[in-house]
Amino acid sequence: MIRFDSVSKYYSGNTRPALNSVSLEVLKGEFVFLVGASGSGKSSFLRLVLKEEKPTKGAIHVLGQDLARMSNRKVPYFRRNLGVVFQDFRLLPQKTVFDNVAFTLQVIGKSKGFIQEAVPDVLKMVGLAGKSGRLPHELSGGEQQRVAIARAIVNKPAVLLADEPTGNLDPATSAGIMTLLERINLNGTTVIMATHDAGIVDQMQRRVIELTSGQIIRDERRGGYQTQAIPVQGFGLAGGASV
Amino acid sequence: MRLGLVLGEAGNGLRRNVSMVISVILVTFISLTFVGAAILLQFQITQMKGYWYDRAQVAVFLCSSTDNTANCDGVEATQDQIDQVQAALETEPLAPFIKKVAFETHDQAYRNYQDQFGDSAGADFVTPDLLPQSFRVNLVDPQQAAVLTESLSGLAGVESVVDQKQYLDQIFAVLNTASITAVGLAALMLIAAVLLIATTIRLSAFSRRKELGIMRLVGASNRFIQTPFILEGVFAALIGSLLAGGAIVAIVQIFVQGFLGDSLNGAGTLVGLNDALVVVPILVVIGGVLAAASAGFAINRYLKV
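Going line by line, the protein sequences match chains P and U. Number 38 in my numbering belongs to position 19 of the first sequence; there are no gaps in the numbering. Number 393 in my numbering belongs to position 166 of the second sequence; there are no gaps in the numbering.
Treat the hints with caution; some may be incorrect.
Claimed, not checked - No farther apart than 25 Å at their CA atoms in a straight line, the calculated lysine to aspartate or glutamate pairs in the DMTMM-like style are these:
id: 1; chain 1: P; residue 1: Lys131; chain 2: U; residue 2: Glu438
id: 2; chain 1: U; residue 1: Lys276; chain 2: P; residue 2: Asp182
id: 3; chain 1: U; residue 1: Lys437; chain 2: P; residue 2: Asp24
id: 4; chain 1: U; residue 1: Lys437; chain 2: P; residue 2: Glu162
id: 5; chain 1: P; residue 1: Lys175; chain 2: U; residue 2: Glu438
id: 6; chain 1: U; residue 1: Lys437; chain 2: P; residue 2: Asp85
id: 7; chain 1: U; residue 1: Lys531; chain 2: P; residue 2: Glu72
id: 8; chain 1: U; residue 1: Lys276; chain 2: P; residue 2: Glu71
id: 9; chain 1: U; residue 1: Lys437; chain 2: P; residue 2: Asp182
id: 10; chain 1: U; residue 1: Lys531; chain 2: P; residue 2: Glu162
id: 11; chain 1: U; residue 1: Lys437; chain 2: P; residue 2: Asp221
id: 12; chain 1: P; residue 1: Lys73; chain 2: U; residue 2: Glu438
id: 13; chain 1: U; residue 1: Lys437; chain 2: P; residue 2: Glu72
id: 14; chain 1: P; residue 1: Lys150; chain 2: U; residue 2: Glu438
id: 15; chain 1: P; residue 1: Lys129; chain 2: U; residue 2: Glu438
id: 16; chain 1: U; residue 1: Lys531; chain 2: P; residue 2: Glu157
id: 17; chain 1: P; residue 1: Lys114; chain 2: U; residue 2: Asp294
id: 18; chain 1: U; residue 1: Lys437; chain 2: P; residue 2: Asp238
id: 19; chain 1: U; residue 1: Lys437; chain 2: P; residue 2: Glu157
No lab work stands behind these hints: they were computed from the structure.
If we strip away everything but chain U, and leave its shape as in the complex, we get:
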């Protein structure tokens, strides 16, 4: 009986305020889509870090005959110098940091180069002796590349020490900025959504102020008066957040897995449907709680005794 009445009142409010309700739905939809996108980007960053940091190496490039930089002077690194670097990598104090060391000769470097850039213009001019020999080092903890850089850069025959992670870090910085931007936009939109919900509920309460007055006069409990309005706000916000959830799933399915997945040859590092399905309930909860809070706050004014 009472439940039916409360739901009926909420339904009436929704019907009377259709245009405002639609705008609440749209604003929560857009803002929560941004929230969802931000969360997905963070998932993406974590996933990529896990995948690529394992593969990121520190390359110790040795001098080649065509190299005039730093300690090289256009002289190929001698076998002695190579052995020295190798020894440094395999003994204390560096050894504990290192997981694996591989040596890359001119020929191997040339083959890798041809694999990766063989199609590009100018690749024909590259000869094996132009590509330096190098040690490819996998670290136990990818964050500690600085240790290698410091202790090896000065050795004779070493051209440079390059931490590949720094290239990745740039990508991650871009993704991070994108996700922060998304969070910022989401926050702004959420503020708009909250204010809009509060205004809508106030409008709805104003159009029903006669009934509210009588309800208070005859002793309807505050909860009874409040609930229809809160339900009204929550209902609109829930539709918005479900739409946002749908949009997130669609983005992952069609854009990330479909478009990006195809163009990146189905790299296993992209967020998948599982991640999207984790995001959806988060959005629904955020939408529901925010709507309930702002509607409750808005209606409180009408409950003063």
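Extracted from the complex, chain P is given alone in its bound form:
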């Protein structure tokens, strides 16, 4: 589904790499937590998957396509298979909940009929069935994030990327969001979530990839935020380190 082969990413003007020879593979239907301190390379990883950045070295395959060989013209069509959620929601403030979600489908050219059917469905799934006419500022933070998630999954993407989706939310609300992401994952969508929230990671017991200074220092099948196993201080693929 997603494969990184010795991927390094240097930003110009910075001699330290954001990602240093990272190799990993994420399979279809997995739920993966990306953990690590700020600046450890989590966001760079997500941006590389989205092809918002090009790797300095190494090869990235997403959904069976080599990103290095993809022409700029095809990038938009590639992104239609990926859903993205951010910490700051990124909703359009002057559009209603319904229109925010519908906007995604409009700009990729879906028919009116399809939109009328798909948007209420997805709003019901994220638990906002009665609030389709509200504006974003009339909603709580948790509800806004649900709208953002609805927007990310309305087009039934194969992969959902979430960059600290619970970063701005209280624990109870975060739990609700996680339940939702879990449900989405159960429907077959691969979820990759970058987070600082130890409680969530410990509770979910899913695959955990820990980054430090752009290197993978841990890759556990069913891990917590901090490992109980002896961390593997290796370079490159550290996928063998499991509980």
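Given chain P, put chain U in place with the hints provided.
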């Protein structure tokens, strides 16, 4: 569905940026009016050349009794000398260049003079013998007057050879300079227009950068993102160029045909409405293409993946 959405987005952009859009309209209007005026001046020059070069003659003035210049010495040209000039005009090597030769006597010259200047002060003092006799020569090719000047100036009894085209050339030089000036001003204004359109579109894109970011994130195609902005620029420029077209038609109708036509007694050598209607589509195309190009260039920055 998609077309409606694209047009709606373009409309939103126009509404949000009204003041910038108005300035784009005005600048394209003025600059394209200059372009149109320059084109019209060129039409005018071509038309006048066609009309007047056919009528422009080379005059071979003969000596008269009051003339002391060059080879004359105040002696009237004799019949012999006149015949000699006539012979030179009617035989090789000059004959092939000449379309028509007419001889103008003192009396004819006096009559023409009275026709043209009879009203002006001092005309009463002019008598026939003051006005020289002359051969009026129409050339096959008006550009070749120099041939006549060279071969006839030296003949006895010839006072001077005057190419009337040189007077016309001065007029054309003035018109040409005017048209070059108009083109120069137009070019400057067009640069301003292009930059203004680019700035407007950038401003419009900046105010919508959140939407643009989301559009890119969810995989809207570049063309879909680009089109509303290009339409926005083109729409403003088209209004400007249509105004310019209207101004050109009005100038021709009211100033050229109306005012100039009246004061020059409806001379058939002025540009007419037909010429103006040729200019209008040229202006619209220039406006549209420039706007599309500069808007497309401006928005490109937001499409980097």
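> In ascending order, which of the hints set out earlier in this document are inconsistent with the structure?
Replying inline: 2, 3, 6, 8, 10, 11, 16, 17, 18
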